[in-house]
Amino acid sequence: MSEISNPSPNGTIAENPEDEGKRDFLLISTTTLSLAGIGLAAWPFIHSINPAKDVLALASTEVDLSAIEEGQAVTTMWRGKPVFIRHRSAEEIEGAASVNLAELPDPQTDAERVQRPQWLITVGVCTHLGCIPSGQKLGDKKGDFGGWFCPCHGSHYDTSGRIRKGPAPFNLRIPEYNFIDDTTILIG
Amino acid sequence: MKRMQTDNRILMWIDTRLPIFSYSSENLVSYPTPKNLSYWWNYGSIAGIVLVIMIVTGIFLAMNYQPHADVAFQSVERIVRDVNYGWLLRNLHMNGASMFFIVVYIHMFRGIYFGSYKAPRELLWMIGVTIYVCMMATAFMGYVLPWGQMSFWGATVITNLFSAIPLIGDYIVVWIWGGFSVDAPTINRFFVWHYLLPMILFMLVVVHMWALHIHKSNNPLGIEIKSPADMMPFHPFYTIKDLYGLGLFMIVFMFFVFFAPDFFGEPDNYIPADPMVTPPHIVPEWYFLPFYAILRAIPDKLGGVIVMFAGVLILYVLPWLDTSKVRAATYRPIFKQLFWIFVANALFLGWLGQKPSEGAYLIMAQLSTGYYFLFFLILPVLGKYEKTKPLPVSIFEEVRKKRRAKEA
Amino acid sequence: MQMRKFLISAACAISFLPGIASAAVAEADALPSLKWSFDGIFGSYDRPQLRRGSQVFLEVCSGCHSLEMVYYRNLVDIGFTTDQAKAMASDYEIEDGPDDEGEMYMRPAKLSDRFVKPFANTNAARFANGGAFPPDLSVITKARKGGTDYIYGLMTGYLDDAPADFDLSEGTYYNKYYPGHQIFMAQPLYEEAVDYEDGTEPTLEQHAKDITAFLAWAANPEMEERKRLGIKVILYLIILTAMFYALKRRIWSNISLEEFVHDPYVVEYEQEMQRHKRPN
Numbered sequence: 001m002s003e004i005s006n007p008s009p010n011g012t013i014a015e016n017p018e019d020e021g022k023r024d025f026l027l028i029s030t031t032t033l034s035l036a037g038i039g040l041a042a043w044p045f046i047h048s049i050n051p052a053k054d055v056l057a058l059a060s061t062e063v064d065l066s067a068i069e070e071g072q073a074v075t076t077m078w079r080g081k082p083v084f085i086r087h088r089s090a091e092e093i094e095g096a097a098s099v100n101l102a103e104l105p106d107p108q109t110d111a112e113r114v115q116r117p118q119w120l121i122t123v124g125v126c127t128h129l130g131c132i133p134s135g136q137k138l139g140d141k142k143g144d145f146g147g148w149f150c151p152c153h154g155s156h157y158d159t160s161g162r163i164r165k166g167p168a169p170f171n172l173r174i175p176e177y178n179f180i181d182d183t184t185i186l187i188g
Numbered sequence: 001m002k003r004m005q006t007d008n009r010i011l012m013w014i015d016t017r018l019p020i021f022s023y024s025s026e027n028l029v030s031y032p033t034p035k036n037l038s039y040w041w042n043y044g045s046i047a048g049i050v051l052v053i054m055i056v057t058g059i060f061l062a063m064n065y066q067p068h069a070d071v072a073f074q075s076v077e078r079i080v081r082d083v084n085y086g087w088l089l090r091n092l093h094m095n096g097a098s099m100f101f102i103v104v105y106i107h108m109f110r111g112i113y114f115g116s117y118k119a120p121r122e123l124l125w126m127i128g129v130t131i132y133v134c135m136m137a138t139a140f141m142g143y144v145l146p147w148g149q150m151s152f153w154g155a156t157v158i159t160n161l162f163s164a165i166p167l168i169g170d171y172i173v174v175w176i177w178g179g180f181s182v183d184a185p186t187i188n189r190f191f192v193w194h195y196l197l198p199m200i201l202f203m204l205v206v207v208h209m210w211a212l213h214i215h216k217s218n219n220p221l222g223i224e225i226k227s228p229a230d231m232m233p234f235h236p237f238y239t240i241k242d243l244y245g246l247g248l249f250m251i252v253f254m255f256f257v258f259f260a261p262d263f264f265g266e267p268d269n270y271i272p273a274d275p276m277v278t279p280p281h282i283v284p285e286w287y288f289l290p291f292y293a294i295l296r297a298i299p300d301k302l303g304g305v306i307v308m309f310a311g312v313l314i315l316y317v318l319p320w321l322d323t324s325k326v327r328a329a330t331y332r333p334i335f336k337q338l339f340w341i342f343v344a345n346a347l348f349l350g351w352l353g354q355k356p357s358e359g360a361y362l363i364m365a366q367l368s369t370g371y372y373f374l375f376f377l378i379l380p381v382l383g384k385y386e387k388t389k390p391l392p393v394s395i396f397e398e399v400r401k402k403r404r405a406k407e408a
Numbered sequence: 001m002q003m004r005k006f007l008i009s010a011a012c013a014i015s016f017l018p019g020i021a022s023a024a025v026a027e028a029d030a031l032p033s034l035k036w037s038f039d040g041i042f043g044s045y046d047r048p049q050l051r052r053g054s055q056v057f058l059e060v061c062s063g064c065h066s067l068e069m070v071y072y073r074n075l076v077d078i079g080f081t082t083d084q085a086k087a088m089a090s091d092y093e094i095e096d097g098p099d100d101e102g103e104m105y106m107r108p109a110k111l112s113d114r115f116v117k118p119f120a121n122t123n124a125a126r127f128a129n130g131g132a133f134p135p136d137l138s139v140i141t142k143a144r145k146g147g148t149d150y151i152y153g154l155m156t157g158y159l160d161d162a163p164a165d166f167d168l169s170e171g172t173y174y175n176k177y178y179p180g181h182q183i184f185m186a187q188p189l190y191e192e193a194v195d196y197e198d199g200t201e202p203t204l205e206q207h208a209k210d211i212t213a214f215l216a217w218a219a220n221p222e223m224e225e226r227k228r229l230g231i232k233v234i235l236y237l238i239i240l241t242a243m244f245y246a247l248k249r250r251i252w253s254n255i256s257l258e259e260f261v262h263d264p265y266v267v268e269y270e271q272e273m274q275r276h277k278r279p280n
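If you read the sequences in order, they're chains A, B and C. Numbering-wise, our numbering puts 82 at position 82 of the first sequence, and it's gapless, one number per residue. Numbering-wise, our numbering puts 19 at position 19 of the second sequence, and it's gapless, one number per residue. Numbering-wise, our numbering puts 267 at position 267 of the third sequence, and it's gapless, one number per residue.
Since the hints were derived computationally from the structure, they do not count as laboratory data. Glycine included, C-beta positions come from ideal geometry on N, C-alpha and C. Some clues are possibly wrong.
To be verified - If you want a taste of the chain C side facing chain B, the calculated C-beta under 7 Å gives, among others: (1) ILE41; (2) MET69; (3) ARG144; (4) LYS145; (5) PRO221; (6) GLY230; (7) VAL233; (8) ILE234; (9) LEU237; (10) ILE239; (11) THR241; (12) PHE244; (13) LEU247.
Stated by the list, open to error - Covered, in the sense of this in silico footprint (three residues per stretch, anywhere, with C-beta under 8 Å from a C-beta of chain A), are these stretches of chain B: (14) 60-69; (15) 75-82; (16) 85-93.
As the list claims (entries may be wrong) - Residues of chain C placed beyond 10 Å of chain B at every Cβ, according to the derived structure: (17) SER37; (18) GLY97; (19) ALA125; (20) TYR158; (21) GLU192; (22) LYS227; (23) ARG275; (24) HIS276.
Let the sequences and hints guide you as you build the complete structure.
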């Protein structure tokens with residue numbers, strides 16, 4: 001406002017030296033209060049597009065594990081994405097634990113990825129470009145390492161959900177979860 | 001246009017290629033405005049701000065609203081209960097509509113009282129009436145969207161009016177509905193139009209401002225600008241006065257938003273729409289009530305429709321109906337009386353609009369409608385024969401007189 | 001003078017507005033007028049009362065009335081713990097599915113579920129209630145003229161016998177406050193209808209107050225936040241407007257009238273007006 005020259009002549013408003021300082025204080029404080037108000041008024045609009053309460057209420061899912069037998073896998077939805085829950089057999093656990101970390105594109109021990117070894121819980125989304133790998137159902141292709149196989153670009157995951165072969169850069173992501181009791185987990 | 005001069009090279013670079021700074025300077029800063037504008041001149045800028053508030057809140061509501069008959073009511077409740085600050089967005093939008101009409105009605109009545117519609121501002125007035133018509137269409141369709149009982153049945157009653165058109169009436173109604181009754185296709189298309197019309201309205205406001213800036217504002221004396229001494233720059237005098245008026249308005253607006261959000265509404269609209277149950281009495285929103293009263297005052301269906309639309313459309317020809325050479329009612333004693341009776345009559349018509357249309361109420365509505373039109377139709381004659389008071393010499397003289405009287 | 005005239009007409013207009021809904025044809029007795037804890041600018045909900053009201057709703061009303069806009073997780077907002085709310089939810093079964101075999105199945109309700117409906121749809125509700133439809137109560141205090149006072153009146157306004165000169169239809173009951181006086185719903189609340197967990201005396205009036213408060217909350221869960229923010233906003237606006245007013249007075253007080261005559265921009269404007277040559 002000060003840069004754009006006001007074409008009104010100087011001395012348009014009769015200047016009173018004593019008033020000068022008083023007006024400035026009033027002007028500055030009013031301007032500050034107005035700008036603060038506009039900023040505060042913007043917040044409800046910005047926050048209104050954050051997740052709503054009903055969306056947040058579905059942010060956690062409880063899953064009952066008691067029906068899943070050993071060797072079986074179940075897919076459940078969590079925050080709009082599939083989650084793979086596999087009840088691993090002893091061989092699968094042994095196989096996952098004994099892998100040489102140097103062979104892994106994304107090195108992680110099996111112990112880092114599970115809370116209880118017989119339960120492998122991962123997000124069922126390929127870390128390459130987002131397809132859902134096959135391997136949950138009985139007749140599915142599980143890939144060369146006994147875990148999952150992503151049909152889109154040929155990524156192979158092992159029995160710990162780690163990437164072994166193919167273009168995917170990372171292991172299948174482990175969501176945050178807790179055991180509420182021995183047969184129930186809370187994901188998210 | 002006078003070009004801005006400044007030492008700031010970036011601003012000059014932009015301004016040479018697209019003179020936004022010169023334009024703003026000319027139209028918002030040094031823009032000559034009469035020195036004697038009263039607070040009745042605040043309502044135009046307030047209306048503009050309310051329009052912006054309506055569009056912004058509307059956009060954010062539209063992110064969560066679902067225009068399908070089965071879930072519309074529930075989606076509004078979801079906004080109020082689950083969306084962060086959804087209740088605030090909804091209250092601002094719902095009460096903003098009522099505020100918009102209050103402000104625009106005062107703005108229009110100001111125009112009528114002070115003769116702002118007279119030459120050379122006829123087009124400015126007509127653009128304004130078009131804005132008013134757009135507002136009414138937008139508000140009507142907006143009220144349908146929550147899909148309450150009043151939404152549904154108000155839409156049914158008003159769209160049914162078009163069946164009064166001879167020969168093609170019934171086809172037109174089915175065409176508007178997209179079906180054989182107000183239903184899912186109707187709410188979907190009303191949502192689209194409700195979103196679109198405000199954009200057209202916004203453009204009309206820009207044209208309205210453009211027309212205003214050609215011949216500048218009218219003033220409370222209704223007399224022409226005689227010399228530059230009659231004018232003062234818009235900034236800082238009217239920027240601060242508009243801000244003050246806006247502050248007062250916002251206090252009233254926010255009171256309704258936070259403490260009485262359903263004051264202007266109807267309880268029946270919190271009942272989900274039921275095509276099998278008609279509410280005991282159907283009323284439109286308060287800002288339509290005067291025209292609703294006029295509609296029901298005429299016993300014939302087509303007649304009622306024609307007279308109701310005539311009530312709005314007659315505003316367009318007001319600049320030509322009024323033949324008086326004097327603008328402001330201050331100097332037109334008879335016009336002034338007729339005007340205030342017109343205002344009281346309009347409020348009375350509004351009250352009648354929510355009463356059952358029978359017995360004494362019907363007769364009163366008919367008399368009231370009669371006066372509504374009489375006011376306009378008497379103006380050609382009145383202009384020729386009314387003895388007006390002598391006009392002041394100039395705005396500058398009047399302002400100086402007032403100042404000296406105050407200092408004395 | 002005009003200002004006064006305008007204000008009087010405006011005042012008349014505003015006073016008519018609350019009467020907008022009053023053209024209801026059916027008559028009823030004048031409503032009782034109660035003071036509610038949530039009335040007024042500083043009103044707030046009495047949470048123990050809301051919890052008692054929720055008990056009344058779940059034990060009495062939910063047999064016929066749905067409360068679809070409210071979720072079990074909302075019970076936490078009126079003071080129940082998450083575990084208590086979970087337990088209350090799991091008392092009800094909700095349909096879910098389809099399962100892997102394509103069948104729908106029933107499961108206990110969770111916090112994220114809406115309050116379970118007593119009837120699958122409107123037709124089932126009407127069929128079970130002799131043709132009358134028990135409305136959803138989520139926004140009932142906003143959907144009836146008289147609001148909370150009306151709901152309270154309805155609960156307490158039943159008479160055992162209709163007045164002598166009143167012809168009561170078959171299957172209806174006489175209520176003082178129901179428009180038309182004939183209501184299909186039998187008196188829902190009696191003394192000791194619900195055994196309050198907090199030990200409050202279970203009179204009819206108490207039940208009626210508690211259920212009304214609960215329903216007022218169900219219709220306006222945002223009310224307390226709304227009023228709190230409203231006070232802050234209006235206080236802010238009053239201060240800001242006062243500052244605008246002070247600035248306005250200052251800017252307008254220091255005008256010397258003559259100087260604009262020689263404002264170069266205004267001179268250019270004068271020339272432009274000469275070009276347009278308006279008479280008068």
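Taking the minimum C-beta separation from C:TYR158 to chain B, is that value above 10 Å?
22 Å, holds
Could you check that no beta carbon of chain B comes within 10 Å of the beta carbon of C:GLY97?
Consistent with the label, C:GLY97 stays out of reach of chain B, its closest Cβ about 20 Å off (over 10 Å).
Cβ separation check - C:GLU192 to all of chain B, threshold 10 Å:
For C:GLU192, whose nearest Cβ neighbour in chain B is about 32 Å away, the distance exceeds 10 Å, so it holds.
Just want to verify: C:LYS227 was marked as not at the interface with chain B; is every Cβ pair farther apart than 10 Å?
7 Å, violated
Can you verify the interface hint for C:THR241: is its Cβ closer than 7 Å to any Cβ in chain B?
3 Å, holds
Outcome, coverage of the region 75-82 of chain B by chain A - at least 3 residues whose beta-carbon is closer than 8 Å to one in that chain
holds (count 3)
Is the Cβ of C:ALA125 more than 10 Å away from each Cβ in chain B?
C:ALA125 clear of chain B: closest Cβ-Cβ about 13 Å, beyond 10 Å.
Under 7 Å is the threshold here; is the Cβ of C:LEU247 close enough to any Cβ of chain B for the hint to stand?
Status holds, d = 5 Å.
Reported absence of C:ARG275 from the contact zone with chain B (all CB gaps over 10 Å):
12 Å, holds
Would you check whether C:ILE239 satisfies its interface hint, that is, whether its CB is within less than 7 Å of any CB in chain B?
Result: violated, 10 Å to nearest chain B Cβ.
Go through the hint on C:MET69 and say holds or violated, using the shortest Cβ distance to chain B against 7 Å.
5 Å, holds
Under 8 Å between beta-carbons, do enough residues of the region 60-69 of chain B, three at least, approach chain A for the coverage claim to hold?
holds (count 3)
Hint check: violations occur at hints 10, 22 and 24; the rest are consistent with the structure.
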